[in-house]
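J.: Given the sequences, and given the hints that come with them, work out the whole structure.
Numbering (this note's numbering), first residue to last: 166 to 490.
If you are wondering where the hints come from, they were derived from the structure by calculation, not from laboratory data.
Cβ coordinates follow ideal geometry from the N, Cα and C atoms, glycine included.
Keep in mind that a hint or two might mislead.
Stated by the list, open to error - Simulated pairs of lysine to any residue, SDA-like, Cα-Cα distance not exceeding 20 Å:
(1) Lys-198 <-> Pro-470
(2) Lys-186 <-> Arg-409
(3) Lys-327 <-> Gly-366
(4) Lys-186 <-> Asn-271
(5) Lys-327 <-> Tyr-362
(6) Lys-294 <-> Val-325
(7) Lys-259 <-> Gly-485
(8) Lys-294 <-> Arg-386
(9) Lys-259 <-> Ala-468
(10) Lys-327 <-> Met-285
(11) Lys-186 <-> Ala-486
(12) Lys-198 <-> Gly-406
(13) Lys-294 <-> Asn-271
Unchecked claim - DEER-style ranges, computed between Cβ atoms:
(14) Glu-420 <-> Gly-314: 25 to 33 Å
(15) Gly-238 <-> Gly-485: 21 to 29 Å
(16) Asp-221 <-> Arg-387: 17 to 25 Å
(17) Arg-387 <-> Arg-423: 28 to 36 Å
(18) Gln-459 <-> Ala-361: 45 to 53 Å
(19) Asp-220 <-> Lys-186: 26 to 34 Å
(20) Gly-299 <-> Glu-463: 26 to 34 Å
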Amino acid sequence: MDTGELLALYEQMALIRRTEKAAHDLFLQGLVKGTTHLAAGHEAIAVGASAALRDDDYVFATYRGHHHALARGATPEECLAELMSRATGLCGAKGGSMHLTKAATNMLGSYAIVGAHLPMAVGAAWSAKLRGTGQLAVAFFGDGATNIGAFHEALNLAAVWKLPVLFVCENNLYMEYTPIADVTAVPRPAADRAPAYGIPGEVVDGNDVVSVRETVARLARRARVGEGPALLEAETYRHFGHSRTDPATYRPAEEVERWLRHDPLDIARGRLVEAGVPEETVTAADDRARTVVQQAVEAAKNAPPPDPREAFTDVWADGGAAWRT
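T.: Listed below in structure tokens is the structure:
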């Protein structure tokens, strides 16, 4: 990876981090209703993986999916407007924080039901294989989903049919409020399950955008040539609690401090400096991200609310909501 590409990935991560911080602040101001599940700390997984994918590949994410929507082409303004229930939101205010979707870029949704999207990714991969498009489907999910039945069903069928699908576990050590290690029979909740289905299972530093990109690129190549699915466990850590109502006091202070020192942005910035990129160049990337998000916040605040009549559109593929039997 050359320094120009790494700088672009760093700027994208900085943009995501600042968008998440804006979502946090807007929630505290009462401008984001309901709750949000922030992905601050997970940026390298979304950005690194997306950099290794084709534009026409399919991506499925969880309710902690802001970073994936942004990595696959959604703008900070679209995302923040959606969180604030504005008409200009990514889903026209119909999805909110937990359902960010941008079908035009094949970001096929964030799903609030744990593990529910893994079989959907299998279906998308099956479609790609039948059509011979060379497309890949990627399902991102949390460590808690590895103890859900849909996880095992999806892996089994993907392996049987040798489908072009990657399963990427964002292991942040906690399934909501419970340490995943306390309720799982194997040390690696995702990677250690792969041998049971005869597929590769790997672990990667999910906070190193270069490592994520290289690993996903390699696994994607084997999937595209018909060698079947793979399971990647990306180790990471969320900077906030499970949701905006969670102060995360159950996490040991020394653990939090250790992981905050392993920040994805700091790692990428260190790589850039080591490669000879001037500090002011990296700072300029940060400044550009800050400006974009500041403008997005103001635009979202000033955007109109949705027309109530829009609630009856887009129920079916034809755009309407007429009853069918």
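J.: If a hint holds in the structure, say so; if it does not, say that too.
T.: So, going through the hints one by one against the coordinates:
Straight-line distance between C-alpha atoms of Lys-198 and Pro-470 comes to about 13 Å, which keeps the hinted pair within the 20 Å bound. Distance hint between Lys-186 and Arg-409 is fulfilled; the C-alpha atoms sit about 12 Å from each other, no more than 20 Å. About 15 Å separates the Cα atoms of Lys-327 and Gly-366, which keeps this hinted pair within 20 Å; it holds. Taking the CA atoms of Lys-186 and Asn-271, the gap is near 26 Å; set against the 20 Å cutoff, the hint is violated.
A C-alpha spacing of about 11 Å is found between Lys-327 and Tyr-362, which places the hinted pair at or below 20 Å, so the restraint holds. Proposed proximity of Lys-294 and Val-325 is supported: the alpha carbons are some 13 Å apart, at most 20 Å. The hinted pair formed by Lys-259 and Gly-485 meets the criterion: a straight-line CA distance of about 14 Å does not exceed 20 Å. At most 20 Å may separate the alpha-carbon atoms for a hinted pair to count; Lys-294 and Arg-386 meet this at roughly 14 Å.
Only pairs whose Cα atoms come within 20 Å are accepted, and Lys-259 paired with Ala-468 is accepted, the gap being roughly 15 Å. For the suggested pair Lys-327 and Met-285, the alpha carbons sit about 15 Å apart, so the restraint of at most 20 Å is met. A C-alpha spacing of about 36 Å is found between Lys-186 and Ala-486, which places the hinted pair above 20 Å, so the restraint is violated. Of the supplied pair hints, the one linking Lys-198 and Gly-406 holds, its CA atoms being roughly 17 Å apart against a limit of 20 Å.
Under the criterion of a C-alpha separation no larger than 20 Å, the hint pairing Lys-294 with Asn-271 is consistent with the structure, at around 16 Å. Distance hint check for Glu-420 and Gly-314: the Cβ-Cβ separation is about 30 Å, which falls inside the suggested range of 25 to 33 Å. Between Gly-238 and Gly-485 the beta carbon distance is about 27 Å. The supplied range of 21 to 29 Å therefore holds. Separation of Asp-221 from Arg-387 is about 18 Å and conforms to the stated range, judged on CB atoms against 17 to 25 Å.
A hinted range of 28 to 36 Å holds for the C-beta pair Arg-387 and Arg-423, which are about 34 Å apart. Distance hint check for Gln-459 and Ala-361: the Cβ-Cβ separation is about 48 Å, which falls inside the suggested range of 45 to 53 Å. At about 28 Å, the CB distance of Asp-220 to Lys-186 agrees with the hint of 26 to 34 Å. A hinted range of 26 to 34 Å is violated for the C-beta pair Gly-299 and Glu-463, which are about 41 Å apart.
Of the numbered hints given earlier, the model fails hints 4, 11 and 20; all others are met.
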